[in-house]
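Student: For reference, the chains in residue letters:
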Amino acid sequence: MASNFFDLKKRKEAAAASSSSKQKTALSQAADRPVPWVEKYRPKTLSDVTAQDHTVSVLRRTLQSSNLPHMLFYGPPGTGKTSTILALAKELYGPELMKTRVLELNASDERGISIVREKVKNFAKIAISTATATNASKYPCPPYKIIILDEADSMTQDAQSALRRTMETYSKITRFCLICNYVTRIIDPLASRCSKFRFKPLDEGNARLRLTSIAEAEGVRYQEGVVDALIKVADGDLRKAITFLQSAARLHGAVKERTGDDMEVDSGPKGGEITVRSIEEIAGVIPEKTIDDLMQSMEPRPNGQAVYTPVAKIVQDIVADGWSAAQVLLQLYNRLVFSDMLNGNQKNQIVAIFSEIDKRLVDGADEHLVTLDMSLRIAGVLGDTGS
Amino acid sequence: MLFVDKHRPKTLDSLTYHPDLSSRLKALANGDFPHLLVYGPSGAGKKTRIIATLKELYGPGVEKIKIDSRVFTTTSNRKLEFNIVASVYHLEITPSDVGNYDRVVIQDLLKEVAQTQQVDLAAKQRFKVVVINEADHLSRDAQAALRRTMEKYSPNLRLILLANSTANIIAPIRSRTLLVRVAAPTTDEIVDVLKGVGKIERLEVRDKLCQRIAVESGRNLRRALLMFEAVYAQNEVVKDNTPLPPPDWEALISQIADEIMAEHSPARILQVRAKLYDLLTHCIPPTVILKTLTFKLIPKIDDTIKADVIKWSAFYEHRLHLGNKPIFHLEAFVAKFLRLLETYLMDMDYDF
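Protein sequences appear in the order of chains Z and X.
The numbering of the first sequence is our numbering, which starts it at 1155 and goes up by one.
The numbering of the second sequence is our numbering, which starts it at 2 and goes up by one.
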């Protein structure tokens, strides 16, 4: 070692070797590091975006013409709004140029009026950075920057109004993309400056395709019906479905080890597989049995006995078991509104009850009292069938 | 030290009930750990489970905690003092302490934590954990601020949200976390715990007494343990039928219930009001007062008007949340109850 010490060349070599090996391990570590599947399978290009054909085709055309309007993406959570704009930005600029050309602000950043006036305006003002030759050859690199305002519906009205003129003044060198869940929360002057894209909830076929392909790629074992259950509980929200799938896989240890070839074949009960029930448990769905019991208790008793005692008991158990009142409401709703046993008038009354209860829950009223009140009132409606 | 703290299980293995849940948490802690949203009624053991999980994640280091006081400045230059309970590996915050300014805390603090890596290289995990208490009291803004932070900084940061119910958690947060439901222990499980504690403390354990405490506690283990300790502290010899002393405020509320039932007149409302004020000035939450009062009154009245009483109780409880002067709504409930009862009694008279 001592002789090596003065041998500069050798030391350099050794250093290079060790650093390269270090780099390698660091790389492999980064690959090994657990990433949420939602991030891992976030669409990398526009064509990867699932089920938003209309939006994607319009955006693809802008890719070719290299002109982009201001955009407003809206739609329910988990439909790919953020993914689409990030994928588009990547296709336009490539990973390197993206750092200087794209500004992403979301609700985790302070976005009061002062920030819009300073940060956004300053970014909108600065001249466009030049693309290096390599980048320019690979990507379109159009001559404008993009400012992404994610979760724009949580911006204050004032902050939104401050954007108005900024958007117009710098429109030559800057494009805005606003992303929100509720388009009504965006003030009209802003909405009219943007071309709107609606993201619709994912349909079943596309969601299924995506989920099965992810499950395949991760080597997840699952029982029949799990994908259906996922689609049902996620309700068009793909992110939710993927998160649930990953959580369930973690809980059951249902991910195959891909070390040896013979491991793949081995489908013994060692790791366990995802069950439909576990998906429901993760999603907080109440077992059918509990709802059955509750329904049973709400049925009118013979010879005019009050339903209070049985209902109160079951409600107390539901609350103590930690089921959320909103979920009770949802499942009762699905049961009752599509039930053939009730006439139209009864359904009207029941729906009115549901709406009031939902409002109370959102206002933060006590779950126990609210659930009990809801159950008793529904029982009352169920009680007077005739007349 | 109270029994509740003294006998709190420290590891996932020593938790007595919900073995499935414990083994799941253990599997999560040893695999790749997601963001968690833990919900369940109070006294079900949410916090205990989380602390045990943290220990499983990082080892005994998480038990060395210190309290930091930080000052945050809002955009309008108001200074906020905020307490953080922290170990080397995790932080524990209660953002609802600062009311409407919780957004500032979430934005500043979480970003700061998320952008720094774990300092201790020997740590078992590369990420830090932030435990957020009372997550269901977070304002909408604060929850919105969590959304992208949870995704963007997931290599450095895991969140554990603790809540009593998921109703007030916005959907985007729910779709980013693994929901963990902690059900309250059943009465049998509570009895087992009480017996276990009694054995360690070398007390003379009575089966029937434990059973009664378990029922009385309403499946709230914390409350059961406190009652258990109180009974043994107050009586030298404990028998099966030793009375369980209710907390002062509960005694007062049942007194109110008796008074309401005894006489239905405006003068009585005035009397009751004084007692309600008394409760409020002792910082008993108005929701608790209303709820306890309702459930004390219910057994005393006829089955036919129970549904109505619950209806109005729920109605005024909702009002409590919307309004800002609790006494109005509590009084209104009392008046409404008297009215209901009176109408009912009048109808009875007419029937004859």
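Some hints here could point you the wrong way.
[Unchecked claim] Residues on chain X that point at chain Z, a partial pick, calculated with CB under 7 Å:
(1) Ala-30
(2) Asn-78
(3) Lys-80
(4) Leu-81
(5) Arg-149
(6) Thr-167
(7) Ala-168
(8) Pro-173
(9) Ser-176
(10) Gly-199
(11) Arg-203
(12) Arg-224
(13) Ile-311
(14) Ala-315
[As the list claims (entries may be wrong)] No more than 27 Å apart at the CA atoms, straight line, and that leaves these computed lysine-lysine pairs for DSS-like:
(15) Lys-67(X) - Lys-1467(Z)
(16) Lys-326(X) - Lys-1273(Z)
(17) Lys-1273(Z) - Lys-337(X)
(18) Lys-326(X) - Lys-1513(Z)
Hints were generated in silico from the structure; no laboratory data involved.
Please read all numbers here as calculations on a predicted model, not as lab measurements.
Just so you know, even glycine gets a beta-carbon here, dropped at the ideal spot from N, CA and C.
Student: None of the hints should be skipped; say for each whether it holds.
Tutor: Structure-based check of all given hints:
no.	hint	verdict
1	Ala-30	11 Å, violated
2	Asn-78	12 Å, violated
3	Lys-80	17 Å, violated
4	Leu-81	15 Å, violated
5	Arg-149	4 Å, holds
6	Thr-167	4 Å, holds
7	Ala-168	5 Å, holds
8	Pro-173	5 Å, holds
9	Ser-176	4 Å, holds
10	Gly-199	23 Å, violated
11	Arg-203	31 Å, violated
12	Arg-224	12 Å, violated
13	Ile-311	5 Å, holds
14	Ala-315	4 Å, holds
15	Lys-67(X) - Lys-1467(Z)	43 Å, violated
16	Lys-326(X) - Lys-1273(Z)	42 Å, violated
17	Lys-1273(Z) - Lys-337(X)	56 Å, violated
18	Lys-326(X) - Lys-1513(Z)	20 Å, holds
Against the hints set out earlier in the document, violations occur for numbers 1, 2, 3, 4, 10, 11, 12, 15, 16, 17.
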